[in-house]
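Throw the hints in and build the complete structure from the sequences for me.
Chains as they are written, first to last, in the working numbering: chain W, 1 to 225; chain F, 1 to 245; chain E, 1 to 209.
If you're looking for bench data, these hints aren't it; they were derived computationally from the structure.
Take the hints with a grain of salt, since some may be wrong.
To be verified - Distance ranges between label pairs, derived from CB positions: (1) F:24 x W:54: 53 to 59 Å; (2) W:36 x F:183: 28 to 34 Å; (3) E:132 x W:160: 21 to 27 Å; (4) E:108 x W:39: 47 to 53 Å.
To be verified - Some chain W residues flagged as far from chain E (calculated, every beta-carbon gap over 12 Å): (5) 47; (6) 65; (7) 107; (8) 122; (9) 127; (10) 131; (11) 165; (12) 171.
Claimed, not checked - To be clear about the criterion: a stretch of chain W counts as covered by chain F if any three or more of its residues have a C-beta under 8 Å from a C-beta of chain F, and this derived list gives those stretches: (13) 20-34; (14) 175-185; (15) 200-211; (16) 215-224.
From the three backbone atoms N, C-alpha and C, an ideal C-beta is built for every residue, glycine too.
Okay, here's what each chain looks like letter by letter:
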Amino acid sequence: MSGVWHCAQLVIGRDLRLAFRNRAQLLHPLLFFGIVTTLFPLALSPEPSRLRDVAPGVLWVGALLASLLAIEFLFREDAQDGTLEQYALSGRSLTWLLFAKTVSHWLLSGLPLALASPVVAYGLAVSPGAMPGIVASVALGTIALSLLGAVSAGLTLGIKRGGALLSLLTLPLAVPLLIFGAQATARAIAGADMSAPMYFLAACAVLGITLAPLAAAAAVRISLE
Amino acid sequence: MDWTWFHRFGSPPHLYGLARRLTPWFAWPAALLIAIGLYGGLVLAPPDYQQGDGFRIIYVHAPSAWLSLMAYTWMAVAAAIGLVWRMKAAHAAAASCAPIGAWFTVAALGTGMLWGKPMWGTYWAWDPRLTAELVLLFLYLGYIGLRSAIEDPQRADRTSAVLAIVGVVNVPIVRYSVEWWNSIHQAPSVMKFGKPSISWPMLTPLLIMFIGFTLLFVALLLVRLRGEILRRERRAQWVAEVVTE
Amino acid sequence: MSVHRLTGEALHVFRGERHVLRGVSFAAQGGEYLEVTGRNGAGKTSLLRTIVGLVHAESGRIEWNGLDIHRDARAFHAQVAFLGHESPLKADLTAMENLHFAIGIRRTIDATEIARALGETGAGGFADRPVRTLSAGQRRRVALAGVVLAAAPLWVLDEPATHLDADGHALVGRLVERHRASGGIVIAAVHAPLPVAEPGTRHLGLTSS
Chain W
1 MSGVWHCAQL
11 VIGRDLRLAF
21 RNRAQLLHPL
31 LFFGIVTTLF
41 PLALSPEPSR
51 LRDVAPGVLW
61 VGALLASLLA
71 IEFLFREDAQ
81 DGTLEQYALS
91 GRSLTWLLFA
101 KTVSHWLLSG
111 LPLALASPVV
121 AYGLAVSPGA
131 MPGIVASVAL
141 GTIALSLLGA
151 VSAGLTLGIK
161 RGGALLSLLT
171 LPLAVPLLIF
181 GAQATARAIA
191 GADMSAPMYF
201 LAACAVLGIT
211 LAPLAAAAAV
221 RISLE
Chain F
1 MDWTWFHRFG
11 SPPHLYGLAR
21 RLTPWFAWPA
31 ALLIAIGLYG
41 GLVLAPPDYQ
51 QGDGFRIIYV
61 HAPSAWLSLM
71 AYTWMAVAAA
81 IGLVWRMKAA
91 HAAAASCAPI
101 GAWFTVAALG
111 TGMLWGKPMW
121 GTYWAWDPRL
131 TAELVLLFLY
141 LGYIGLRSAI
151 EDPQRADRTS
161 AVLAIVGVVN
171 VPIVRYSVEW
181 WNSIHQAPSV
191 MKFGKPSISW
201 PMLTPLLIMF
211 IGFTLLFVAL
221 LLVRLRGEIL
231 RRERRAQWVA
241 EVVTE
Chain E
1 MSVHRLTGEA
11 LHVFRGERHV
21 LRGVSFAAQG
31 GEYLEVTGRN
41 GAGKTSLLRT
51 IVGLVHAESG
61 RIEWNGLDIH
71 RDARAFHAQV
81 AFLGHESPLK
91 ADLTAMENLH
101 FAIGIRRTID
111 ATEIARALGE
121 TGAGGFADRP
131 VRTLSAGQRR
141 RVALAGVVLA
151 AAPLWVLDEP
161 ATHLDADGHA
171 LVGRLVERHR
181 ASGGIVIAAV
191 HAPLPVAEPG
201 TRHLGLTSS
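Written out as structure tokens, the structure reads:
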């Protein structure tokens, strides 16, 4: 019998290999993130002080929408080609397998967004000193976001053209992440102590790790019925 | 343990009959209490020393806000029961809760905005409680949207049940995060919904309104539940008997 | 080793508002093949999905070796290899990679074992080609290799020979025979009967409701 860690490795390994064979698709959320955040200076003004004021909001709304774009495809292909069914019948905990899938999703969408955020932030006239804090806050926030997204993706599985519904389900639930995340980024930019919002983000991530895979597994099982 | 009572309770004809018999026991006291509460609140209670008569909208706003949350909780509990014990009647109850809760949320938002106009000079000032109420409305709409997007009724029941449970875990977090957000961004000119120094002649009608609205919610729920059961069981023999009665 | 036994009793299954299975019962034990036939829409797929526990029956029960299958679903699933209508393969992975990831979740497996199984199902020649370049019949052969590799006593196959040529049809028959001989149970929904010996074969005909 192969152990649970080995199972998780296989699930993550499969997703990473598939993503690597479709590298172009990996870039789509990043490009989306880039273009959305480019729109703000064009719509507002290029004046650095104003951009710096709105930077946390722009960064977070952009990251939220970009990862929403990726979430739609989290389970869709696996549902269509029968992989989810095989996961559900593998004799392994579906909750655990879906958690592994969520981890690979974060590695492929949340982490790249976090790593790309300094580029976007620089464009919004944020000083380089704030970058480590920004990367940390986006990385931590997207963990919870990926988990939340796994639940919504599971819920909207069997629905044709579920994209808009997915947003309607996910965004209200993501309000706390937006608030804490944008605040953490704002404090990083101001050079202030960002521990309070970071703790909140971490708490959301922990709560998500405990509950979201369970809910996602329940939703996926229902969709297979 | 003997669970037959549980399943008998959950059987559609039994629940339908029970709902029909119970409705007047909630509807009439609700009407009476709301009438008393409104009279007490609008006529008997003295005006607030700061807000004058404007505060009186609290007699509708506060109970609506309370019920918007309670309906969501009830919905989640019913959904969880339906999910765990595969009880159809519980899913029917959850489905009935959603539109009622959504309307109470709309009422809370509407009255809150009316209250805001004299206080802040604008209908909408991103007051934390109203903002949380707005997010709650989106949660309700998401639930209703998900339910209507799934054609298979059993899958709709079970999928939306998972959403209701996830939502009910999230609601307190949303409330807390919005309060926290507000405490950071509080502009000096914006006054929070004051907790008026409340006196007994003001408080008593409010308590009566709370009880009256809760009873009203139960009565509405029972009525909707009956409709929901009939719709779901429309092929069953007992429904034909009830309808031709 | 005791003989495996699968029984279904008075199963009623609804799909939406459609009452698909009305009191279906069946039984099969180790060494037997249960052939499920019926017109399109008679509920063959629903029955198979109920047997593996994906679909919950409204009433009735299914027992594996005397235990309700939902009692310890994970232990039961470890004993089942399920092949649905579609071959559950990733188009961007090769046949070898597909099976490495899919079967690896169930049990420890190495490349030689996978290659051997692919050879048995006549998929050895395209083991290293991405699945997207394979025909539907070739994919089916890869999927059948997956069923063999799962090493589960109970096989539940939905149209196993679909897309396969005459040679493939005979292959499915041989696989079923071999699995029976080793004490396994095969349940398959088919349109055309599989070429297997009649002794040890049971038939379950579903009539459209």
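Structure-based check of all given hints:
1. F:24 x W:54: 53 to 59 Å: Distance hint for residue 24 (chain F), residue 54 (chain W) holds at roughly 57 Å.
2. W:36 x F:183: 28 to 34 Å: The hinted range 28 to 34 Å holds for residue 36 (chain W) and residue 183 (chain F), with Cβ atoms some 29 Å apart.
3. E:132 x W:160: 21 to 27 Å: holds (24 Å)
4. E:108 x W:39: 47 to 53 Å: The hint (47 to 53 Å, Cβ to Cβ) holds, given that residue 108 (chain E) and residue 39 (chain W) are roughly 51 Å apart.
5. 47: Check passes; 46 Å lies beyond 12 Å.
6. 65: About 27 Å separates residue 65 (chain W) from the closest Cβ of chain E, which puts it past 12 Å; holds.
7. 107: holds (17 Å)
8. 122: About 35 Å separates residue 122 (chain W) from the closest Cβ of chain E, which puts it past 12 Å; holds.
9. 127: Holds, since 42 Å exceeds 12 Å.
10. 131: The claim holds: residue 131 (chain W) sits with its nearest Cβ about 35 Å from chain E, beyond 12 Å.
11. 165: Per Cβ check, residue 165 (chain W) is outside 12 Å of chain E; nearest 20 Å; holds.
12. 171: Non-interface label on residue 171 (chain W) holds, nearest chain E Cβ at 30 Å vs cutoff 12 Å.
13. 20-34: Contact hint for the region 20-34 of chain W vs chain F: violated, 0 residues under 8 Å.
14. 175-185: As far as the region 175-185 of chain W goes, the hint holds, because 5 residues have Cβ atoms under 8 Å from chain F.
15. 200-211: Holds, because 4 residues of the region 200-211 of chain W bring their Cβ atoms closer than 8 Å to Cβ atoms of chain F.
16. 215-224: Coverage by chain F holds for the region 215-224 of chain W (5 residues, Cβ < 8 Å).
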